[in-house]
Amino acid sequence: MTSKNQILLFSIVLILTSILLMTYKVKVLNFPLFQEETTNIWNVEAKISFDSKKNQSALISMALPTNQNGLIIINEESSSADYGFTKRELEGVNRGVWSKREIEGNQVIYYSIDLIKDKYYKASKEEEYTNLEPIEVPSVIVQAAESLLHKIYDKSSDSLTFTSLLIKEFTLSEPSQAAKMIKNNYMNSKKEKRDTLVQLLNKMKYQVRTIGALSLEDKQRNIELTPMFEVFHKDSWYLFDIDKGLIENNSNIFIWQRGSQYLLEAEGVKNSDVKFSVTKNIVPARNAALSKDLKNQSTILDFSLFTLPNESQNTFKLLLLVPLGALVVVIMRVIIGLKTSGTFMPILLSMAFIETSLLPGIMMFILVVTMGLIVRSYLSHLNLLLVARISSVLIVVVGIMAFVAILSQKLELQYATSITFFPIIILAWTIERMSIIWEEDGPREVFLQGGGSLIVAIIAYFAMTNPILSFITFNFPEVLLAVLGLIILLGRYSGYRLSELYRFKSMVK
Amino acid sequence: MLANPFKLKKLGILGMNNRNINYIGKHNDRKNFPLVDNKLKTKKLAQEHNISVPELLGYIQYQVEINHFEDYIKNQDGFVIKPAQGSGGKGILVIVKRVNDKFIKPSGEELNYTDIKRHISNILSGLYSLGGRNDVAVFEKLVDFDNAFDGFSYEGVPDVRVIVYQGFPTLSMMRLSTSNSDGKANLHQGAVGVGIDIKTGKALNAVQFGKPITTHPDTNRNLKELVVPYWDEILHLSARCYEMTNMGYLGADIVIDKIRGPLVLELNARPGLAIQIANDIGALKKFNLIDELKDKNKSLEEKVAFAKEHF
Chain A
1 MTSKNQILLF
11 SIVLILTSIL
21 LMTYKVKVLN
31 FPLFQEETTN
41 IWNVEAKISF
51 DSKKNQSALI
61 SMALPTNQNG
71 LIIINEESSS
81 ADYGFTKREL
91 EGVNRGVWSK
101 REIEGNQVIY
111 YSIDLIKDKY
121 YKASKEEEYT
131 NLEPIEVPSV
141 IVQAAESLLH
151 KIYDKSSDSL
161 TFTSLLIKEF
171 TLSEPSQAAK
181 MIKNNYMNSK
191 KEKRDTLVQL
201 LNKMKYQVRT
211 IGALSLEDKQ
221 RNIELTPMFE
231 VFHKDSWYLF
241 DIDKGLIENN
251 SNIFIWQRGS
261 QYLLEAEGVK
271 NSDVKFSVTK
281 NIVPARNAAL
291 SKDLKNQSTI
301 LDFSLFTLPN
311 ESQNTFKLLL
321 LVPLGALVVV
331 IMRVIIGLKT
341 SGTFMPILLS
351 MAFIETSLLP
361 GIMMFILVVT
371 MGLIVRSYLS
381 HLNLLLVARI
391 SSVLIVVVGI
401 MAFVAILSQK
411 LELQYATSIT
421 FFPIIILAWT
431 IERMSIIWEE
441 DGPREVFLQG
451 GGSLIVAIIA
461 YFAMTNPILS
471 FITFNFPEVL
481 LAVLGLIILL
491 GRYSGYRLSE
501 LYRFKSMVK
Chain B
1 MLANPFKLKK
11 LGILGMNNRN
21 INYIGKHNDR
31 KNFPLVDNKL
41 KTKKLAQEHN
51 ISVPELLGYI
61 QYQVEINHFE
71 DYIKNQDGFV
81 IKPAQGSGGK
91 GILVIVKRVN
101 DKFIKPSGEE
111 LNYTDIKRHI
121 SNILSGLYSL
131 GGRNDVAVFE
141 KLVDFDNAFD
151 GFSYEGVPDV
161 RVIVYQGFPT
171 LSMMRLSTSN
181 SDGKANLHQG
191 AVGVGIDIKT
201 GKALNAVQFG
211 KPITTHPDTN
221 RNLKELVVPY
231 WDEILHLSAR
241 CYEMTNMGYL
251 GADIVIDKIR
261 GPLVLELNAR
271 PGLAIQIAND
281 IGALKKFNLI
291 DELKDKNKSL
301 EEKVAFAKEH
311 F
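From first to last, the protein sequence lines stand for chains A and B.
Position one of the first sequence corresponds to residue 1 (UniProt numbering), numbered consecutively onward.
Position one of the second sequence corresponds to residue 1 (UniProt numbering), numbered consecutively onward.
Excised from the complex, chain A in its bound form (with noise of 0.2 Å):
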């Protein structure tokens, strides 16, 4: 392979791997591209109150949510002080048990979870299902109820469209007469629905299962689960409401309860009770991808900047905004042609503006380098050897900071005083630089290529600081890798510069 092809499959390899890594950490760990993203962080509180039996010992226990499609569970805590409190599997569901040997008057526990949506993430499926204990019932009822699943079944084709069709049949404004009996006899409360049209649709050898289900609608104070229940078809379980039937988009739907298993038990207390609340925080998507993924344990994060500490971080923030200065630099100088004085002086510049901010930033450059081409000068008649008159710039550079941060204090200037950032030996070695261009090619080469390191730094500078930039380095850093390719590329362009099309004019006739 010649060198420009290896070059070529070089860069797009980087530049591919850049791509996919955030490609996946877009769409996998769900983090966000733009800074203003944000995310909510739903959190479900379960609040179990109970009133003490006295000299009896408390055992309580509830059961607690897993994972579901769609839905992660990021934090889970229980702040109960003073009860001992235990997590057990009991028959393939979480329970969360609290104990005390002595209570006293109403108690309250607090059980609270933070969850966040995630469209692409599936939990592992759980395949048991509730066959509720047949009740005893007149045979009136269950001649009614033969004979209304009997006429459903002719119209269904499936366990979807039969549930559907039943459900129906009892939020009809006329019911059949079977179905008014029923509803009237055993159609009560929600959960007595939930349970007879569980009990009705066992009896046609569905699988079906129980459900208790908060919706995800902020600002929810002391509601109960929802009684709801799903159906089993074709390798999956559909979740339907007991009055509106199929829920075709659950993502609203959090199931904190599955099974027939009590959601609460209490041993030696009265007057138990679980009520639950939903709020909605809204966090930036970062942190919500960030605290997902704490549980998620992706290697990709595990590697990645958000590991280091605070200050690191910040210090990295800067760091990695270096190779897009070096890019700009890279752009201006092969593919424009700007001439600048050194390589990367205009990158050093443009972070001194990131600490001084702009303006003030090419003022004090202007300033601080026309003083010092003049103290310069003077420095030239006193005949110094070289080392020692750099350092007598360098001293003088200092000066003129000290001189400038003192001068916008007092006039109230506040940015200025930021100048004493600017990396002083870089602006000494410009100093000493540019006099010797001054010299040797005259004041039009010190303009030109004073100039150009400017515009280089001050472009420089805007793609630096420029915020989607900015954020998309750090919390991308692989697209570095693209960076690395796109330069690797531009390396390898041997095409005109734009300012050659000038340059060379006068020869196209």
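Misleading hints may appear alongside valid ones.
[Unchecked claim] In silico lysine to any residue, SDA-like type, Cα no more than 20 Å apart, as pairs:
id	chain 1	residue 1	chain 2	residue 2
1	B	Lys105	A	Glu440
2	A	Lys509	B	Lys9
3	B	Lys117	A	Leu384
4	B	Lys117	A	Leu386
5	A	Lys339	B	Arg270
6	A	Lys505	B	Gly12
7	A	Lys339	B	Glu109
8	B	Lys117	A	Glu440
9	A	Lys505	B	Gly210
10	A	Lys190	A	Phe170
11	B	Lys26	A	Ile488
12	B	Lys211	A	Phe170
13	B	Lys9	A	Leu501
14	B	Lys10	A	Tyr502
15	A	Lys505	B	Leu204
16	A	Lys4	B	Lys26
17	A	Lys509	B	Arg270
18	A	Lys4	B	His27
19	B	Lys26	A	Leu489
20	B	Lys9	A	Tyr502
21	A	Lys505	B	Lys308
22	A	Lys505	B	Met1
23	B	Lys117	A	Ser380
24	A	Lys339	B	Gly88
25	B	Lys308	B	Val227
26	B	Lys26	A	Ser494
27	A	Lys505	B	Gly272
28	B	Lys285	A	Leu501
29	A	Lys339	A	Ser357
30	B	Lys10	B	Asn22
31	A	Lys4	B	Asn20
32	B	Lys10	A	Gly495
33	A	Lys509	B	Gly210
34	B	Lys202	B	Pro229
35	B	Lys41	B	Asn20
36	A	Lys27	A	Asn43
37	A	Lys509	B	Pro5
38	B	Lys211	A	Leu384
39	B	Lys26	A	Gln6
40	B	Lys10	A	Leu489
By construction, these hints were calculated from the structure, which means they are not laboratory data.
Assemble chain B onto chain A, guided by the hints.
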């Protein structure tokens, strides 16, 4: 406002990126760069190869030796001090004569001992060298340039730049200093570039600051009348520089001494592109002609002959 890049390509004009990648990068071995970048090394190498160069008077390497600089110029009226690793004509000090304790520059400006010493000190500190490395100050006998250039140059030594590609002299121009260029022969400082026909050594076209001109701005001499003497010798001399350095893309700067004839002043591994404007010819056409040659193993004579026939 801007030229059409496709037209430039059609004219075979070599651009900076193309030069860096496909000519300097491909044909100039990095390890040979010091032979060219260090003027002291070039001079010693040239002497080994019997290539005529301006006479070396001596060199100073350490600051403590600066006070002895007079030892080197004792018997010289005019001399040149240059940094061994300078580039683009930076740091070259030309003294044309001495009056009492004063040293006179071509412009007539007078310098005294301390000025000279400071200049040497600056050279040693690496002020003019690439990357600021410590450098050596080289003392050279002043070239007494040939009368053929009377009226063509102003206050400075005119030189001939020949671009040698793979040993073939391909493009040539004369660089004439002007009052604008302060006696220096660098085009970007305002020197006049006159394209020279490889076949005949006669002037083709002239430019200053990238724009065509017909007469020298200071002396008003018609630049078309310029004919370079010793032309065959110059072609041979430049072609031999390729054999000496093995640099496939090379700029040889040659001056013509009244008595000694053509002398190689310095070599350049990164010769600029303005020579194309001075010649009004794109370099690529000539380079491609050489690249298309089936048998490049020609003798020096054959290469010069080929160049004279085709360029």
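Here's how the hints hold up against the structure:
A threshold of 20 Å between alpha carbons decides the hint, and for B/Lys105 with A/Glu440 the separation of about 14 Å falls inside it, so the pair holds. Only pairs whose Cα atoms come within 20 Å are accepted, and A/Lys509 paired with B/Lys9 is accepted, the gap being roughly 14 Å. In summary, the hint linking B/Lys117 to A/Leu384 is supported, as the alpha carbons are separated by about 10 Å, within the 20 Å threshold. Between the alpha carbons of B/Lys117 and A/Leu386 the distance comes to roughly 12 Å, so the proposed pair stays at or under 20 Å and holds.
Taking the CA atoms of A/Lys339 and B/Arg270, the gap is near 17 Å; set against the 20 Å cutoff, the hint holds. Straight-line distance between C-alpha atoms of A/Lys505 and B/Gly12 comes to about 13 Å, which keeps the hinted pair within the 20 Å bound. Among the hinted pairs, A/Lys339 with B/Glu109 is inconsistent with the structure: their alpha-carbon atoms are about 31 Å apart, more than 20 Å. For the proposed pair B/Lys117 and A/Glu440, the alpha carbon gap of about 18 Å is at most 20 Å, so the pair holds.
A C-alpha spacing of about 9 Å is found between A/Lys505 and B/Gly210, which places the hinted pair at or below 20 Å, so the restraint holds. At roughly 12 Å between alpha-carbon atoms, A/Lys190 and A/Phe170 fall within 20 Å of each other, so this suggested pair holds. Taking the CA atoms of B/Lys26 and A/Ile488, the gap is about 17 Å. The hint holds against a cut of 20 Å. Straight-line distance between C-alpha atoms of B/Lys211 and A/Phe170 comes to about 95 Å, which puts the hinted pair past the 20 Å bound.
Pair hint B/Lys9 plus A/Leu501 holds up; C-alpha atoms about 11 Å apart against a cutoff of 20 Å. Of the pairs offered as hints, the one joining B/Lys10 and A/Tyr502 holds, with about 16 Å between alpha carbons and a cut-off of 20 Å not exceeded. Restraint check for A/Lys505 and B/Leu204: the C-alpha separation of about 18 Å stays at or below 20 Å, so the hint holds. Distance restraint check for A/Lys4 and B/Lys26: the Cα-Cα separation of roughly 12 Å lies within the 20 Å cut-off, and the hinted pair is therefore satisfied.
For the hint linking A/Lys509 to B/Arg270, the alpha-carbon distance of about 28 Å lies beyond 20 Å, and the restraint is violated. Straight-line distance between C-alpha atoms of A/Lys4 and B/His27 comes to about 16 Å, which keeps the hinted pair within the 20 Å bound. For the proposed pair B/Lys26 and A/Leu489, the alpha carbon gap of about 17 Å is at most 20 Å, so the pair holds. Simply put, B/Lys9 and A/Tyr502 have alpha-carbon atoms about 14 Å apart, close enough for the 20 Å limit, and the pair holds.
Proximity of A/Lys505 to B/Lys308 is assessed by CA-CA distance (about 28 Å); at most 20 Å being required, the pair is judged violated. Note on A/Lys505 and B/Met1: the hinted pairing holds, with a Cα-Cα distance of about 8 Å set against a maximum of 20 Å. Using a Cα cut-off of 20 Å, the hinted pair B/Lys117 and A/Ser380 holds, with the two alpha carbons roughly 13 Å apart. Between the alpha carbons of A/Lys339 and B/Gly88 the distance comes to roughly 15 Å, so the proposed pair stays at or under 20 Å and holds.
Restraint check for B/Lys308 and B/Val227: satisfied, since their Cα atoms lie roughly 16 Å apart, inside the 20 Å limit. Restraint check for B/Lys26 and A/Ser494: the C-alpha separation of about 13 Å stays at or below 20 Å, so the hint holds. Under the criterion of a C-alpha separation no larger than 20 Å, the hint pairing A/Lys505 with B/Gly272 is consistent with the structure, at around 17 Å. Taken as a hint, the B/Lys285 and A/Leu501 pair is honoured in the structure, with Cα atoms around 18 Å apart against an allowance of 20 Å.
For the hint pairing A/Lys339 with A/Ser357, the CA-to-CA distance comes to about 24 Å; that exceeds 20 Å, so the pair is violated. Between B/Lys10 and B/Asn22, the direct Cα distance comes to roughly 18 Å. Compliance with the 20 Å bound is thereby established for this hinted pair. A distance of roughly 14 Å separates the Cα atoms of A/Lys4 and B/Asn20; the hinted pair therefore holds under the 20 Å criterion. With a C-alpha separation of about 13 Å, the suggested pair B/Lys10 and A/Gly495 falls inside the 20 Å cut-off, and the hint holds.
At roughly 15 Å between alpha-carbon atoms, A/Lys509 and B/Gly210 fall within 20 Å of each other, so this suggested pair holds. The hinted pair formed by B/Lys202 and B/Pro229 meets the criterion: a straight-line CA distance of about 9 Å does not exceed 20 Å. With a C-alpha separation of about 24 Å, the suggested pairing of B/Lys41 with B/Asn20 is violated against the 20 Å cut-off. For the hint linking A/Lys27 to A/Asn43, the alpha-carbon distance of about 24 Å lies beyond 20 Å, and the restraint is violated.
Of the supplied pair hints, the one linking A/Lys509 and B/Pro5 holds, its CA atoms being roughly 13 Å apart against a limit of 20 Å. A C-alpha spacing of about 41 Å is found between B/Lys211 and A/Leu384, which places the hinted pair above 20 Å, so the restraint is violated. Distance restraint check for B/Lys26 and A/Gln6: the Cα-Cα separation of roughly 16 Å lies within the 20 Å cut-off, and the hinted pair is therefore satisfied. A distance of roughly 24 Å separates the Cα atoms of B/Lys10 and A/Leu489; the hinted pair therefore is violated under the 20 Å criterion.
Hints 7, 12, 17, 21, 29, 35, 36, 38, 40 from the earlier list are contradicted by this structure; the remaining hints agree with it.
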